[in-house]
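Asker: If you want the building blocks of each chain, they are given just below.
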Amino acid sequence: MRKQVSVILSLLIVLSMVLSACTAAPVAPAAPAPDSAAGDAADTATQEVPAGATRVAFWHSMAGDIGGKSIPKLADDFNASQSTCFVEPTYQGSYDDSLNKLRAGLQSNDIPAVVQLFDIATRLMVDLDVATPVQDFMDAEDFDTSDFEPNVLAYYTVDGKQYSMPFNTSTPLLYYNKDMFAAAGLDPEVAPRTFDEVADYAAKLTQRDASGNVTVSGGAFAIYGWFVEQLLAVSGGYYVDNGNGRDGAATQALFNSPEGVRVLEWWKEMYDAGSFGNYGRTTVDTRNAFLAGQTAMFIDSTAVLRGMIDGSAGKFELGTGWLPRPDESAFENAGTIIGGASLWILNGRPAEEQTCAWEFIKFLAEPAQQAYWHTVSGYFPIRLAGYEEPLAVEWRAKYPQFGTAVDQLHAAPNNRVTQGALIGVFPTARQTVETAIEEVLAGQSTPQQALDNAAATVTQAIADYNVTMGK
Amino acid sequence: MVTNDQRLASQKSSRRTPSSSRARWREMKKFLLALAYLSPSLLIFLAFVFIPLIRSFILSTQLTDPIGRPVAFVGLTQYQRLLQNPQFLNSLQRTLLFVLYTVPTTLVIALGLALLGNLRLRRISIFRMIFSLTIAVSAATASLIFLYLFHPALGMLNYLLGLVGIPSIGWLTDVRTALPSVALVTVWLQLGLNTVILLAGMQGIPEELYESAMIDGASGPARFRHITLPLLSPTIFFLLVVDLLAAFQAFTQFHVLTKGGPINSTNVLVFSIYREFYFNGQYSYAAAQSIVLFFIMLVVTIIQFGVIERRVVYE
Amino acid sequence: MSLDARWQRILTNTALYLLLTIVAVIVIFPLWSALTISMLSETEVASYPPLLAPTSLYLTNFVRALEQAPLLRYLFNSIVQSTLVMAGQLITASLAAYAFAFIDFKGRNLMFLVFLSTLMIPWEATIIPNYLTVRSLGWTDTYMGLTVPFLATAFGTFLLRQFFLTIPRELQDAATIDGCGSLRFLTAIVLPLARPALGTLAVYSFLQTYNQYLWPLLITNDQQMRTVQIGITLLQDEERFAFNVVMAGVVLVLLPTFALFIVGNRQLIRGLTAGAVKG
Numbered sequence: 043m044r045k046q047v048s049v050i051l052s053l054l055i056v057l058s059m060v061l062s063a064c065t066a067a068p069v070a071p072a073a074p075a076p077d078s079a080a081g082d083a084a085d086t087a088t089q090e091v092p093a094g095a096t097r098v099a100f101w102h103s104m105a106g107d108i109g110g111k112s113i114p115k116l117a118d119d120f121n122a123s124q125s126t127c128f129v130e131p132t133y134q135g136s137y138d139d140s141l142n143k144l145r146a147g148l149q150s151n152d153i154p155a156v157v158q159l160f161d162i163a164t165r166l167m168v169d170l171d172v173a174t175p176v177q178d179f180m181d182a183e184d185f186d187t188s189d190f191e192p193n194v195l196a197y198y199t200v201d202g203k204q205y206s207m208p209f210n211t212s213t214p215l216l217y218y219n220k221d222m223f224a225a226a227g228l229d230p231e232v233a234p235r236t237f238d239e240v241a242d243y244a245a246k247l248t249q250r251d252a253s254g255n256v257t258v259s260g261g262a263f264a265i266y267g268w269f270v271e272q273l274l275a276v277s278g279g280y281y282v283d284n285g286n287g288r289d290g291a292a293t294q295a296l297f298n299s300p301e302g303v304r305v306l307e308w309w310k311e312m313y314d315a316g317s318f319g320n321y322g323r324t325t326v327d328t329r330n331a332f333l334a335g336q337t338a339m340f341i342d343s344t345a346v347l348r349g350m351i352d353g354s355a356g357k358f359e360l361g362t363g364w365l366p367r368p369d370e371s372a373f374e375n376a377g378t379i380i381g382g383a384s385l386w387i388l389n390g391r392p393a394e395e396q397t398c399a400w401e402f403i404k405f406l407a408e409p410a411q412q413a414y415w416h417t418v419s420g421y422f423p424i425r426l427a428g429y430e431e432p433l434a435v436e437w438r439a440k441y442p443q444f445g446t447a448v449d450q451l452h453a454a455p456n457n458r459v460t461q462g463a464l465i466g467v468f469p470t471a472r473q474t475v476e477t478a479i480e481e482v483l484a485g486q487s488t489p490q491q492a493l494d495n496a497a498a499t500v501t502q503a504i505a506d507y508n509v510t511m512g513k
Numbered sequence: 014m015v016t017n018d019q020r021l022a023s024q025k026s027s028r029r030t031p032s033s034s035r036a037r038w039r040e041m042k043k044f045l046l047a048l049a050y051l052s053p054s055l056l057i058f059l060a061f062v063f064i065p066l067i068r069s070f071i072l073s074t075q076l077t078d079p080i081g082r083p084v085a086f087v088g089l090t091q092y093q094r095l096l097q098n099p100q101f102l103n104s105l106q107r108t109l110l111f112v113l114y115t116v117p118t119t120l121v122i123a124l125g126l127a128l129l130g131n132l133r134l135r136r137i138s139i140f141r142m143i144f145s146l147t148i149a150v151s152a153a154t155a156s157l158i159f160l161y162l163f164h165p166a167l168g169m170l171n172y173l174l175g176l177v178g179i180p181s182i183g184w185l186t187d188v189r190t191a192l193p194s195v196a197l198v199t200v201w202l203q204l205g206l207n208t209v210i211l212l213a214g215m216q217g218i219p220e221e222l223y224e225s226a227m228i229d230g231a232s233g234p235a236r237f238r239h240i241t242l243p244l245l246s247p248t249i250f251f252l253l254v255v256d257l258l259a260a261f262q263a264f265t266q267f268h269v270l271t272k273g274g275p276i277n278s279t280n281v282l283v284f285s286i287y288r289e290f291y292f293n294g295q296y297s298y299a300a301a302q303s304i305v306l307f308f309i310m311l312v313v314t315i316i317q318f319g320v321i322e323r324r325v326v327y328e
Numbered sequence: 014m015s016l017d018a019r020w021q022r023i024l025t026n027t028a029l030y031l032l033l034t035i036v037a038v039i040v041i042f043p044l045w046s047a048l049t050i051s052m053l054s055e056t057e058v059a060s061y062p063p064l065l066a067p068t069s070l071y072l073t074n075f076v077r078a079l080e081q082a083p084l085l086r087y088l089f090n091s092i093v094q095s096t097l098v099m100a101g102q103l104i105t106a107s108l109a110a111y112a113f114a115f116i117d118f119k120g121r122n123l124m125f126l127v128f129l130s131t132l133m134i135p136w137e138a139t140i141i142p143n144y145l146t147v148r149s150l151g152w153t154d155t156y157m158g159l160t161v162p163f164l165a166t167a168f169g170t171f172l173l174r175q176f177f178l179t180i181p182r183e184l185q186d187a188a189t190i191d192g193c194g195s196l197r198f199l200t201a202i203v204l205p206l207a208r209p210a211l212g213t214l215a216v217y218s219f220l221q222t223y224n225q226y227l228w229p230l231l232i233t234n235d236q237q238m239r240t241v242q243i244g245i246t247l248l249q250d251e252e253r254f255a256f257n258v259v260m261a262g263v264v265l266v267l268l269p270t271f272a273l274f275i276v277g278n279r280q281l282i283r284g285l286t287a288g289a290v291k292g
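These protein sequence lines are chains A, B and C, in that order.
Quick note: the first sequence, position 457, residue 499 per the numbering used here, numbers continuous.
Quick note: the second sequence, position 257, residue 270 per the numbering used here, numbers continuous.
Quick note: the third sequence, position 172, residue 185 per the numbering used here, numbers continuous.
No wet-lab data here; the hints were simulated from the structure.
The hints are all genuine.
Derived coverage of chain C by chain B (criterion: at least 3 residues anywhere in the stretch with Cβ under 8 angstroms from a Cβ of chain B; other residues may be distant):
id	region
1	38-45
2	93-107
3	215-229
4	256-267
Part of the chain B face toward chain C, derived, beta carbon under 7 angstroms:
id	residue
5	Ser54
6	Leu129
7	Ala149
8	Ile158
9	Ile210
10	Ala213
11	Leu311
None of the values given here were measured: they were computed from a predicted structure.
Just so you know, even glycine gets a beta-carbon here, dropped at the ideal spot from N, CA and C.
Between the sequences and the hints, there should be enough to build the whole structure, so can you do that?
Answerer: Okay, here's the thing in structure tokens:
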């Protein structure tokens, strides 16, 4: 008993000492200078900050190998290439996490000079007026963009101004299992192109056991709003009014058009026929089902291609095709939308930091960096010269499937539909559409009903948004 | 043994009798002494819980722009909007169901595990350790593991069911099973904490009570009912309150596993608040929901203290 | 003891062990799965039927996880943060629980409800105001910011109160007669008796802090100040989501907590003898 008392007592004394010590003097490294708070010492281990260099915080959302290795390497290369700017990259969680940290930071000026934000934050960023458009920097030095992908730039162009610089860019592809195609008597070198063909192929690819239970589903789409946006675009349908919100602020959702309804009807028919599986909202679940030979086709971003090639190695041969479209004519006059994220320069930081941010963005857009980025990540280069770098040429020889994605990108016409919708409430819209898909698949509503309800919800959200933004 | 009711009653009567100024001074002294003991906690709570809560309430009466800056005063209209919104009522219902699925299940299973862990057997401490292990696991980790186990085509759970001839279950993709599936993860996750605390409570029960009961010829179940359960009642009551609050606030599981789907079947209140607040930028609407959730939990807790704690046996 | 009774004993014990083992296997199965997945190769991780155990001691995923995220540095920060929070919570909760269990002051029930109400506030309602507070105090990227908001705990206070209430009142009376001050009574008599509860609280508060994600993400930018759960999400690349690498990270991050739990469990929970209550 007595011993226990002394043990506890001394423990408490030690603890309170630790605690009071901590209260007296912050254990943290040198107090950050108020000016460089957000990016303070985002340690890039290998490098010293040159004297007099402007430190620039760069927030990004790239995880895994490219976030852990490639982004720090790009920053290191930039820092080594000159001595006036020093970029410090910091991972800020998923796109959602990062955007929310930015929102909180904007209230107390705890913000970086450069931030990577997903495509669907574009309208919000423009309306908040917290960014310096990269156009301003381009104009100041007559920056030549003639070699850049026009479709890629167009997504981030609002009211005729280039607001942010595309960074990681992707489009959706149809992925399929060539071995299963051959086993089902289909030509493994030719992907289905139209909705009808996909339905037909899916039926042929579906395998059932003796009691009629599906063992391999012909295809599967993850329940992901982005896929509907893309399928709607290749059907020539608008997501919202006013030229997809690009000729003026959007006021109404339009995805419950015949084009939109057709997409869900097609999906639902295949699901009801048993030739399409449902692995939920998490896209990785559908990818893993495909890799494990549980399904023969799926759609996903070009960014997953490399992982699919590696994962299928030794198991089966992987095929890629263009995103399916309602009919052949759509291959002529419609196209996919650019997805991914772009880099924004925030106007709340001092001018010299913004200038450095622009220098960094320019550095990243150089062909050599574009080729490196393209090959490590599987995202598109944003300029044509990026493809001609030896690194990129070699990579394409190794992964010929990627050619499909490049062709699809270049074939897309540049119009209001393929530029994609601009709305400030895109996250809401996406999750509303996802719920609508689930209602349709579960048979709770018809495609028309579900999309009508979803469109009403999104229209209301847009109206609320416009009110708070003073539009 | 004294029930809490009796204890509180005896305190009350002793407090009331002498109403001289000396007694009042003693009252005051006690209060100040208590305040001194409570002050470290109160200061932290004030700065990091109550002031933010008040700010949230103020936020709920204003309309904000998408980064949370107030643009207009709207009074209590957000609350009106809330109560008329079928989505909110759905969330409320899913939350209550989730609480119902998880809390009693966790308590009963943990009680069973603690009883097993309390057996006088060799090497029992290893089992005790295993039963308590999930206390070290975070909700995020547990959810990632179960995301893999629940996979509709590749998951271990469906594979094992298949081995015994049960057809695959949609787990997280089916409207009917999604909420129970998340509840399953939650029960597993909470088992560790519950078992640890119950074991600690059981070890506080004097051995001689059991010995004398054995001599009196009490059967195992009788000993459980008349000794273990009453003496464990403060612990069980504690867990009931804490588990309920935890279930009301469960979030990470939903975020990783279902994101509120399919068809909002797992869109519990805390997740819905997250969605509005963190994702849709509807700060004031989300703040209103938080305040409502706060009051629901407050009422549930007051009821528990008013009704159940009176039956708890202390000493 | 007759032979029959001995046989019966052995049989019962065997049955009990069998039951214990089955239950243990069910409880531990998800964790075993995590370990298995962490040692699967790229092609094995998406295969059917799923693998019940690793096919070889494949450690590449652990190397990859450590390359992708500076987990060791993050681990250090998490341990410092969690230890400080644990120590602070033990002190504040012991003091507060003492007041609730041993001092009959006016408004005690109301005050207790005030404490409990802190458990009822959805985190969304407080996280942004708290961020702004911590930011205005200049505590971003410091251990202060990581710990101070968590130094009080209603859960811990409640837990300790429940244990304190089971301590016979006579002990307090005796101590008062001995001229023992209230703080001395707390440290000399109450806390030693509440060892299992303190141990439980210590383990719990350490792990709760260790498992934080959003708060550390919000208030740190400096790699040197970040914590392990951020490291785990750093492994979760949406588009190249590799379950095996993520699980390897999860296993690496779980190891220290299991170690702590096993040590803490031995020292604090098993260490208690039933006789301790008699003082």
